[in-house]
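Engineer: Starting from the structure of chain Y, add chains P, E and L where the hints point.
Protein chains in written order, with the working numbering: chain Y, 1 to 313; chain P, 1 to 313; chain E, 1 to 313; chain L, 1 to 313.
Simulated from the structure, these hints should not be mistaken for laboratory data. A few of these clues could be false.
Heads up, the list lumps identical chains together, so a pair's fine if it works in one copy or across two of them.
Unchecked claim - Lysine-lysine pairs mimicking DSBU-like chemistry, simulated, CA-CA at most 35 Å apart:
| no. | residue 1 | residue 2 |
| --- | --- | --- |
| 1 | Lys-196 | Lys-185 |
| 2 | Lys-296 | Lys-279 |
| 3 | Lys-286 | Lys-207 |
| 4 | Lys-89 | Lys-260 |
| 5 | Lys-291 | Lys-279 |
| 6 | Lys-89 | Lys-101 |
| 7 | Lys-277 | Lys-246 |
| 8 | Lys-207 | Lys-185 |
Here the structure is a predicted model, which is why all the values come from computation and not from measurement.
Number of protein chains: 4
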Amino acid sequence: MIKETLSNKKKVSAELGFGNKNYNESVRFLNQDGTVNIKRKVSDKHVGFDVYHWLLSITWKQFIALVFVSYVVVNTLFALVYFSIGADKFGGLEVGTGSEKFSQLFFFSAQTLTTVGYGHIFPNSVFTSSVSAIESMLGLMGFALVTGLLYGRFSKPRADIQYSNEAVIAPYGDITGFMFRLANKKQNELIETECKLALAINNPETKRRDFHFLELERSQINFLPFTWTVVHPIDDKSPMYGITEKELHERDAEFVILIKSITDTYFQTVYSRMSYKPKEVVWNAKFVPMKQTPHKNGRISINIKDIHSYDKL
Amino acid sequence: MIKETLSNKKKVSAELGFGNKNYNESVRFLNQDGTVNIKRKVSDKHVGFDVYHWLLSITWKQFIALVFVSYVVVNTLFALVYFSIGADKFGGLEVGTGSEKFSQLFFFSAQTLTTVGYGHIFPNSVFTSSVSAIESMLGLMGFALVTGLLYGRFSKPRADIQYSNEAVIAPYGDITGFMFRLANKKQNELIETECKLALAINNPETKRRDFHFLELERSQINFLPFTWTVVHPIDDKSPMYGITEKELHERDAEFVILIKSITDTYFQTVYSRMSYKPKEVVWNAKFVPMKQTPHKNGRISINIKDIHSYDKL
Amino acid sequence: MIKETLSNKKKVSAELGFGNKNYNESVRFLNQDGTVNIKRKVSDKHVGFDVYHWLLSITWKQFIALVFVSYVVVNTLFALVYFSIGADKFGGLEVGTGSEKFSQLFFFSAQTLTTVGYGHIFPNSVFTSSVSAIESMLGLMGFALVTGLLYGRFSKPRADIQYSNEAVIAPYGDITGFMFRLANKKQNELIETECKLALAINNPETKRRDFHFLELERSQINFLPFTWTVVHPIDDKSPMYGITEKELHERDAEFVILIKSITDTYFQTVYSRMSYKPKEVVWNAKFVPMKQTPHKNGRISINIKDIHSYDKL
Amino acid sequence: MIKETLSNKKKVSAELGFGNKNYNESVRFLNQDGTVNIKRKVSDKHVGFDVYHWLLSITWKQFIALVFVSYVVVNTLFALVYFSIGADKFGGLEVGTGSEKFSQLFFFSAQTLTTVGYGHIFPNSVFTSSVSAIESMLGLMGFALVTGLLYGRFSKPRADIQYSNEAVIAPYGDITGFMFRLANKKQNELIETECKLALAINNPETKRRDFHFLELERSQINFLPFTWTVVHPIDDKSPMYGITEKELHERDAEFVILIKSITDTYFQTVYSRMSYKPKEVVWNAKFVPMKQTPHKNGRISINIKDIHSYDKL
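Next up, chain Y with everything else stripped away, as it sits in the complex:
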């Protein structure tokens, strides 16, 4: 019996992929925003880095700043090349000081890179024409990458799921249950949403970290128009059976949530991850049912900020 349980724990640990090493300090595998708290280095110094993934992950502010800085840097570099070839190899350049010429070449570069090409300044030697021919080609390709990324960021399928700030341990029939709520923050629909819930917890006997999948009352729903209260019934088969709030803290528990769904914008499969630590679990509380407001036109509306409300019992 005990052996079976152990082998089951091992199984879940392996299945999740986190291993069951010793951990001397408190750890959190998943951050609340779903990112994984682990860094993989490919050498002593470098982290395995994926430019594409990074450019899709940075914030909009960072992305726009990056594009703008790159634009200025590239134009400066080309202006330097043009300037070193000689300002006299260009037609239409106004008479002026070196820095005035440089600034005009900088803007000529910008007009070439974006292919706007007004033409009041134009290259009139083989060398300057060659460099600008290369620049316009690079401009086309560079802007294609940037705009591809821009659109990729914009159209990236995502499950914009609002989880309740806290999970609760609430009465569930004759027993209690571990519960949390989730809802779709956006007006598009999520179809065939699936949930997996796992518990990572230190084992004081083996000094190792155990993993358990927690059985759910329901693990899939077809639609998600309102909220979904995911329930793990704490019956005598549950690894949480008999556990106390204090124990949950001492054994440094972590509830890991994996969501898989389909958005109906482009019918793409999306994933979402979250975790609750013991300080985010409220004992003996019950979620306040979501208020459904009917409208005259027959529509029903809910307010997603209500998802966090619970009553202490």
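Structural biologist: Just chains P, E and L, lined up with the frame of chain Y:
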């Protein structure tokens, strides 16, 4: 026995994701065009809004109007900037009144934004050159977004399914069946089409709304070259067993249809939704078989408008 | 027993989606290139038409011709607009006859539509500037559609499967089997290839068309580096058990093949369809094993044209 | 019993898709980089060739060289056309020798192809205007293809999996196991990773090549934050039971690995393949557990180069 049925109802309710709250007034979860009749607010005032999803959902007319208006607005704004910097900072501008100069700067802006850059007007100061360098970059990126959306709208995978206007309760073997028909409106093919049918209905005893999945004679077909008559046999295991037309109205029933399929244009998975209310269900009627017209070249043709035809019995 | 077989036939018929209507003349559901031999009209005159699907389906020649003709037509229309506004509203136009002016305006239009904008001709009135501002915007959006389609056609995932020209009825262990061969024509790899085989055949008793799924010795393979000989063993459970070549012709049989696979270029799921009619089935023949030529560098090569070879027994 | 084993071998062989022909010389089906060691010719001379797949598969260096060379070639061809029409059909051309004129026309072509169109040189005859109108259209479409490919290459979903250089035969409980390790090289996450392991081995009795799927201790994991040690336990049901290192070499074994996973960048399914030959299998060795370094911020880091470390026993 009764308990089992109840728990089964609860199961379906949860599985569909609509909950089983009380509803005092008549509700319709799904509109006939498949949109969900529920609004999710993220605060008391605001609905969770997804720009991308919205830009893909609006009509072509709205989309084109939006693009056109944005184009005019952006050019006006840039023209204002150029004008405030000073028209004398541009080469090639014709002599004229202020409004004539403004209109020329407006068109200079348009020529910069689209990167057409004729060059008969051109910036000849650092400040105007800088603004136009930024404008041409923004133009490239803005038009990339617009054209990405344009193509995204154009190529969006969709199941263009024609449902029969009415469902019928027709003889089916020795019993009766709830039936509706569907067909692919387009000339591309739908592969591995699946159907789920659920019934939402008020329960006068519990004052709640029950949900039932209805068993189908067949829930998947490989091809959909003609029409598919989806049939729920009303046998003694059906939740519709013994129900009358009057009851269906009084208990505010709704037949919810979920279709999942694959289009052979790009082999993408697509979904379609629909619902019938009692007034869209015809009792004691039978669908008229679709006429298949053979052609000399060996092709067979059907006329999709025949899909709605039924005979009263 | 008989009833079971009948109900099974009905099941397959419905599952395939072709119905089991009477057919007085010989029919072919699938053409050898996998297109479906059925036309769906949305009215008495019109076929349900999907522009996007059509633009992806036409040949490259047709597509390029269409683009070229549209380019000429659009430029002609804009040239007409410019001409009717007046050639004097343009700067840089050379003196000449009306048709000379028209041709210059035609090329001005082309330079605007493609945003090349040389600028030796340029609009110098509000009206002509407005039209050209609209034209450059339309040009950006139109070319985005065209190039999106171009790339969409180019990158469209497809299973480029070579089927043997003929299927054979060959010895298979102690019995015989219906066999055909298929191979990947391209150098990319097809992963997890699945096959379904169905037989459509007239039933002289019921005067209807029956459908049977034929059991396969193997219905999925992980790789497809060489060829795959798909085998339906004709044992006593097969609907082909005891059938003669003559019967196959008289009952107007059709062997319908559905292939599902994943290409490793972008890991997309692709589908392929084919069918054999009785005249494409060779009785008492055996496929010649494919010659595998080892090379000095350790590679093995096969010649796909060998796939059609069989020996009469 | 023996027959069952044989039929099972045959089954696996067919399921993998490699056939079980005789091989006189040593073969390797999969190269270590996952490419398949088989060439499919569509005629005696030509290999089935997929331009799109090729353009996505070549290295970045080759791709950029190809783009650059094509750019030069296309401009040279158009310059030749313009030159043969006559340099006097252009405005803005400087007086000079034939080769000077040719170089100016070459750059005019580049300015047209990229739509930069400065306009200091411009076509001023119907013929030259027509050719440049076509060139700018081809330029838009050609660069769309190139930039589409560029972005396609950049955004191509891939499983960047680091496999241990060697597999080991290590103690596993009371028996031994065939083990190898794998990890995700990138900072994005791989979800629901699946593994299949097959053994291809010559059978000295039948003179044929047998295939066996090897049972895995675990064939799927939800996350891959650290490494995954894939284990085939060599129990008495394993086809490797009792095999010696010498036999593995003599019978020219190959361990074929198929990985299927989902990247969380765009939630796309990706595949990876690898194989170990006997010289890449170390007997009586054990992988060194990966060092997990905790950081002050709570993150844990691993160094992927440790994946290859093993200790001889």
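Engineer: All hints are to be evaluated individually against the structure, with a verdict given for each.
Structural biologist: Right, here's what the structure says about each hint:
In this assembly of identical chains, Lys-196 and Lys-185 lie within 35 Å of each other by CA distance both inside one copy and across copies; the values are 20 Å within and 26 Å between. Taking the shortest alpha-carbon separations for Lys-296 and Lys-279, only the inter-copy value of 20 Å comes in at or below 35 Å, while the best intra-copy value is 42 Å. Taking the shortest alpha-carbon separations for Lys-286 and Lys-207, both the intra-copy value of 34 Å and the inter-copy value of 23 Å come in at or below 35 Å. For a Cα distance limit of 35 Å, the shortest separation of Lys-89 from Lys-260 qualifies neither inside one copy, at 60 Å, nor across copies, at 57 Å.
When the C-alpha separation of Lys-291 and Lys-279 is checked against a cutoff of 35 Å, the pair qualifies both within a copy, at 27 Å, and between copies, at 29 Å. Taking identical chains as interchangeable, the C-alpha atoms of Lys-89 and Lys-101 lie at most 35 Å apart whether they share a chain (12 Å) or sit on different chains (16 Å). Taking identical chains as interchangeable, the C-alpha atoms of Lys-277 and Lys-246 lie at most 35 Å apart only when both belong to the same chain, with a minimum of 13 Å there against 53 Å between chains. Taking the shortest alpha-carbon separations for Lys-207 and Lys-185, only the inter-copy value of 30 Å comes in at or below 35 Å, while the best intra-copy value is 40 Å.
In this structure, the one hint that does not hold is number 4.
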